[in-house]
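**Q** Sequence order for the protein chains is S and Z. No gaps in the numbering here: position 13 of the first sequence is 864 in the numbering used here, and each next residue is one more. No gaps in the numbering here: position 230 of the second sequence is 241 in the numbering used here, and each next residue is one more.
Quick caveat, the hints were computed from the structure, so don't treat them as lab data. Where is the CB? At the ideal position from N, CA and C, for every residue including glycine. Hints should not be assumed to be uniformly reliable.
[What the hints assert, rightly or not] Taking lysine to aspartate or glutamate pairs in the EDC-like style, the calculated list, with each CA pair at most 20 angstroms apart, reads: (1) Z:Lys265 to S:Glu1010; (2) Z:Lys477 to Z:Glu315; (3) Z:Lys265 to S:Glu889; (4) Z:Lys136 to Z:Glu94; (5) S:Lys976 to S:Asp997; (6) Z:Lys265 to S:Glu999; (7) Z:Lys136 to Z:Glu358; (8) Z:Lys265 to S:Glu896; (9) S:Lys933 to S:Glu896; (10) Z:Lys336 to S:Asp885; (11) Z:Lys265 to Z:Asp53; (12) Z:Lys265 to Z:Glu294; (13) Z:Lys265 to S:Asp998; (14) Z:Lys136 to Z:Asp120.
[Said to hold, decoys possible] Pairwise CB distance ranges (calculated): (15) Z:Glu427 to S:Ala907: 56 to 62 angstroms; (16) Z:Glu472 to S:Ser973: 52 to 58 angstroms; (17) Z:Leu543 to S:Arg1008: 35 to 41 angstroms; (18) Z:Gln51 to S:Ala907: 41 to 47 angstroms; (19) S:Asp962 to Z:Gly278: 56 to 62 angstroms; (20) S:Asp962 to Z:Thr64: 34 to 40 angstroms; (21) S:Val931 to Z:Thr268: 47 to 53 angstroms; (22) S:His938 to Z:Asp400: 40 to 46 angstroms.
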Amino acid sequence: MTQATAEPPAAPARDDKRWRQVDVRIRRLGARPDGLIEVLHTVQEVFGYLDDGALAYVSEALGVPPSRVLGVATFYSHFVRKPQGLHTCVVCLGTACYINGAGAILARINDKLGIDAGGTTSDGKLSLLRARCLGACSMAPAVVLDDEVHGRMTADRMEQMLETL
Amino acid sequence: MTETGAATPARRRRQESLIPAGTARASAHVCMAAGCLSMQSDTVFDQLCERVTARGLTDVAVKRVGCLGLCAAGPLVVVPEQERLFDHVGAADDAAIDTVVEALAGAEDGGRSVASDPFFAHQVKVVLEHCGQIDPERVEDYVAAGGYEALTKAVTTMTPAEVLGEVTRSGLRGRGGAGYPTGLKWTTVAKSDSADGKYVVCNGDEGDPGAFMDRSVLESSPQQVLEGMAIAGYAVGASHGYVYVRAEYPLAVKRLTTAIRQAEHAGLLGPRIADTAFGFDVEVRIGAGAFVCGEETALLASIEGRRGTPRPRPPYPAASGLWGKPTLINNVETMASIPAILQRGAEWYAAIGSGKSRGTKVFALAGSVVNTGLIEIPLGLTLREIVFDIGGGLPAGGRFKAVQTGGPSGGCMPEELLDMTVTYESLAEAGSIMGSGGMIVMDQGTCMVDVAKFFMDFCREESCGKCVPCRVGTTQMHGLLERISRGLASREDLAELESLAGMVRDTSLCGLGQGAPNPVFSTLRYFRDEYLAHIDDHRCPAGVCVIDPVDAGAPVLEAKR
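With the rest of the complex left out, here is chain Z (with noise of 0.2 angstroms):
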């Protein structure tokens, strides 16, 4: 990396950002994240840099930078300076390319008004804000845009207890799922003893299925989540941390390796932040495809080179982590929201949200929805507004029929529910969850008995078979909803399924276990008429599941065996 930055003249190796010597008068931001690289779009930027340079557009930069978020339009360009975003801008799409061209000389037409956009109008960015704003592969670029200053503020002007204070009052709670007050959390890191040492992890083990809010930021703005760790480091007094981040995200762990390296070359990480006596290292852990590694006991049995299997609770890590140390563990989203209360106050940032919801919640939109992508937006919103406002709605013909969030620990709402607020208290009393973000939009061509049997075999294959009841009960669990949906099953099953349900999630070791059987109460609890017309009807309302054909006159007992 060439860390003379914009001294240097345009025309740099490709798979550089195309920079110009002064400002720029306009510029281009292509989004490099994985959605719209799959789709070319780094032969995009390629092309849109020799075109600029073609026609001498001295005055303009072509950058790469991360998820801009609209992923299902993508690949995607902005041009900032005239708030307007050009999408589906194709590899072979010469006439998209160059409406971009066109406009960065100056054309006012073409693209889209970004301001006027409902996808974007609803959002509020705090920890997306330099999401497709940055290079991710620019540390220059990060600390252009205010990066890096409240670490600083933090290790020269605020004492440990006032940074603790500061995310104490801002009412941040864990955005890896289960809402843990940071401050909280933090603290009593801060106040446990360690002669030797205390750790920071980053949970960057997104496993939810439907999730990719950590790896869009982790993609997008990775010194934004170093930041984060740092001043967690400061606050709590650790001066070591480790990004724990799934083998599934090749191009988040090469980015994250790139800016620790650029970070520390530039002094912002390492020894002495600020000329201070506080020092801070991070290295980067990859998983290897285990799910149940999200749990923060299981994971740090990973980082130690173990089996993530997870242990009892307490102790907790915050008493007793990483090699018997205190550790802190925050999940990506969490410690990106760090710099931006540190900077511009705990007051700020406990303004935006919803009762004890505060803050803004990243949610990754996927299924049956138009505007598939990333959005962050303040909790208190209702669902209403983020499937149909933001979301776009359902495509053509498509008839909502419920949205899943939380994974396979969550839950399935209905559309009596769309006026719900999303907040962690509206969701968990829905018999959902917030989980890690994930927000899947299911329309009726879906069966809700063939998603809980998803749920379950996504829990039974990636239970760690540490614990009894994880692992006989999602197995047996995943057996009973197989022959529901196969039209096999009597009410006695559907009886026994329940009861099971419920001894799993009382007596499981760890959050995989105990949150398995959500699927099966929250469809249970709003679709259940859909499990009796398998049970009673042997049919599939939704057209999904293969029932088999089972004679009318035969007793059910018989036929399932």
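Same shape as in the complex, but just chain S (with noise of 0.2 angstroms):
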């Protein structure tokens, strides 16, 4: 996997007005534990990752152990625990995709931009991402480039589209 190379954002500091945002979302659901998973969605959604001081003030805000917050981070594969680059680029691989050929688009962003599902381009510019299943599955092979979904996606469409980028 190949790794950032440029510097890191460096952590949210607790001053950062983007954290009132968090706060809202705890105070709307009554700062109870069984909020942890909608906290950390909310707190994805507006930093784009969790770090470790994140999760420490989720920690705290919601009176849930360290340990069981981190539990959590690292279970469920939406959250990403490292930044991610400007542009997100999900391949599915869901059976539909796989079978009409989702793999030969992995291996042609391989090919291309030298990085595994998981990775990020050492310029930091995309990561490449892939899902179990979009339920995209009549439009299969499918991808979600930024948020958008492209249906029957070939290999030579992918590197044109990332080509633009």
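Make one complex out of these two single chains by using the hints.
**A** Next up, the structure:
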């Protein structure tokens, strides 16, 4: 896996205004321990990933032991622990996508950019992820590029799309 | 959301349907489910609104609706008054959009007839009754279509016991896959004593790859699911519900959240429903990418904000679920079946179907089939009717090889089983399961060893790691399948794979591990010769697997180490 060689952004400081969004969410959920996953979703939406400082913040705010916060953050594949690239490309590897050639798309990206699923290009421009099934099976193979679903993808079209990013 | 509804004259904000002041003479239903949206159906919608307004058609509606089913031919527009479907209405295709406008203006050509189209003709819509008919983001639309009548009827004219009786007599079984009788489950929860509350949970963690039924229902008719949950709450004595939806379905989450807000605002959910003492509220919980959370005890752990690992049953959630309280868990499709059952009666529902499998089932057709999309059929149709009549067969040049149901816990059924009827029992006999409803058609270019390896890789990665047979067994089986696919395995490896598969099935803690060997069993049962071709002849008959070069003279055992 290629790590971003660029300096990762510093952990969000406690006085970062974006924490207010997290605080609002925590308040709405009644600051109860069972809101942990919901709060982690919000933190990731706001900051892009979950770093140690963010986990400590959530642990304190919800009264959940740090071990449990880390356990949850690492159990669920949706949560990421390091900064993601400027763009994200999610290749679906569900059954329909798989038998319709999703493997070739992944292979082409790997070929062109030198990253595997889970990796980020060294210039921090693109993170490559894979999904277990996006439920977009009717247009398999499907790819999500920056939150937009593209169906009936081919390796050639994928390459073109990534070149124009 | 404007609550004034139809009273407001035309031209609303573009995000909302264009509804004329009086009765609409004709309407264009534009599909806004994820499939068509990815083909810019939102732009098609905008264009239609603009052109309809420009033409001065003041008595026609342009409506945003949910899934129209035939995802393969999107973006889709239906004019229900004329029973005509317009497919491939591309956002940049002026001619196609104009054809729809002309149809709305009264032209009688263009589009295809829905009634005579085999894709639609074989279907019976109960769960999908409102999909493609109503605007999923307008509660008024659902109410106008008869929505919430079943809930009102239940709470004002029926006792909880009568509701339980109705659901039991309908013969409805859990649509999440296992097929447990819904009435029985509800009755168990209703009988469980709890001084401080019970819960109703709707399982929308549709994790099976190749399945998108629940997503479509949540995106197309979210109120229907909420109504089913509220009826369930009334029947079992719960006043609080959770819907657990996968994080991969952002649109479903958004529409569900909107639906809850609108229903509460309209007094359809919340305290004192229909001026009775019964109250029910619903919260959405979003998953975070863990397949195992589809298992009920893991799902409950996840709602409680913990790692989604299953626990042994009993106690079943019906006795001890969320925070130790009796909890009813049903899948999205099961909940969405409830309003129609109460409204039209158990006998009506039970008259549909075959044998012990009553009612309808929604399937997601995908893979090598012409009409990929969402279908709802009476249980008891044959696989051939589904794949060839409704699905339109395989694309030109493709030859049928197998159809896969049940996701990673299911199996692959070969050509000789095409005339088998689809029921819970027949699928189990054939070595597969009903599962949640994903149905993937495979052609001759698919290698069955590779398919088994694909599913095992899935289970291996998604195993939560709590029990050893699943955590270790799936990895070992994947390794063996990898060796077979590369042409490096021996017959002993195959025997080891089979014995290991039996052990994992029999000793795993939850359905993930217990079902994980199923793809191996079923492909071995029907396609053993393909395994043997990889092992004995070092070749992949479908030409999918990359075979390691093996020195013909070298002993296989050495080559594989």
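**Q** Run every hint past the structure and note whether it holds.
**A** Hint-by-hint comparison with the structure:
At most 20 angstroms may separate the alpha-carbon atoms for a hinted pair to count; Z:Lys265 and S:Glu1010 exceed this at roughly 31 angstroms. For the suggested pair Z:Lys477 and Z:Glu315, the alpha carbons sit about 18 angstroms apart, so the restraint of at most 20 angstroms is met. Our distance criterion of 20 angstroms between C-alpha atoms is met by Z:Lys265 and S:Glu889, whose separation comes to about 14 angstroms. Taken as a hint, the Z:Lys136 and Z:Glu94 pair is honoured in the structure, with Cα atoms around 15 angstroms apart against an allowance of 20 angstroms.
Straight-line distance between C-alpha atoms of S:Lys976 and S:Asp997 comes to about 12 angstroms, which keeps the hinted pair within the 20 angstroms bound. Taking the CA atoms of Z:Lys265 and S:Glu999, the gap is about 16 angstroms. The hint holds against a cut of 20 angstroms. For a cut-off of 20 angstroms, the pair hint linking Z:Lys136 to Z:Glu358 stands: about 16 angstroms separates their Cα positions. Among the hinted pairs, Z:Lys265 with S:Glu896 is consistent with the structure: their alpha-carbon atoms are about 15 angstroms apart, no more than 20 angstroms.
Restraint check: the Cα-Cα separation between S:Lys933 and S:Glu896 comes to about 13 angstroms, which is no more than 20 angstroms; the hinted pair holds. Of the pairs offered as hints, the one joining Z:Lys336 and S:Asp885 holds, with about 15 angstroms between alpha carbons and a cut-off of 20 angstroms not exceeded. Restraint check for Z:Lys265 and Z:Asp53: satisfied, since their Cα atoms lie roughly 16 angstroms apart, inside the 20 angstroms limit. A hinted pair counts as satisfied when its Cα atoms are at most 20 angstroms apart, and Z:Lys265 with Z:Glu294 qualifies at roughly 13 angstroms.
Proposed proximity of Z:Lys265 and S:Asp998 is supported: the alpha carbons are some 14 angstroms apart, at most 20 angstroms. In summary, the hint linking Z:Lys136 to Z:Asp120 is not supported, as the alpha carbons are separated by about 27 angstroms, beyond the 20 angstroms threshold. Take Z:Glu427 and S:Ala907: their Cβ atoms lie about 60 angstroms apart, and the range 56 to 62 angstroms holds. One distance hint, 52 to 58 angstroms for the beta-carbon pair Z:Glu472 and S:Ser973, is violated here, with the actual separation near 26 angstroms.
Between Z:Leu543 and S:Arg1008 the beta carbon distance is about 38 angstroms. The supplied range of 35 to 41 angstroms therefore holds. In this structure, Z:Gln51 and S:Ala907 meet the distance hint of 41 to 47 angstroms, their C-beta atoms being roughly 43 angstroms apart. Checked against the given bound of 56 to 62 angstroms, the beta carbons of S:Asp962 and Z:Gly278, roughly 58 angstroms apart, stay inside it. Here the CB-CB span from S:Asp962 to Z:Thr64 is close to 49 angstroms, at odds with the stated 34 to 40 angstroms.
A beta carbon spacing of about 24 angstroms between S:Val931 and Z:Thr268 contradicts the range 47 to 53 angstroms that was offered as a hint. Taking the beta carbon of each, S:His938 and Z:Asp400 are about 43 angstroms apart, inside 40 to 46 angstroms as hinted.
When each numbered hint is compared with the structure, violations occur for hints 1, 14, 16, 20 and 21.
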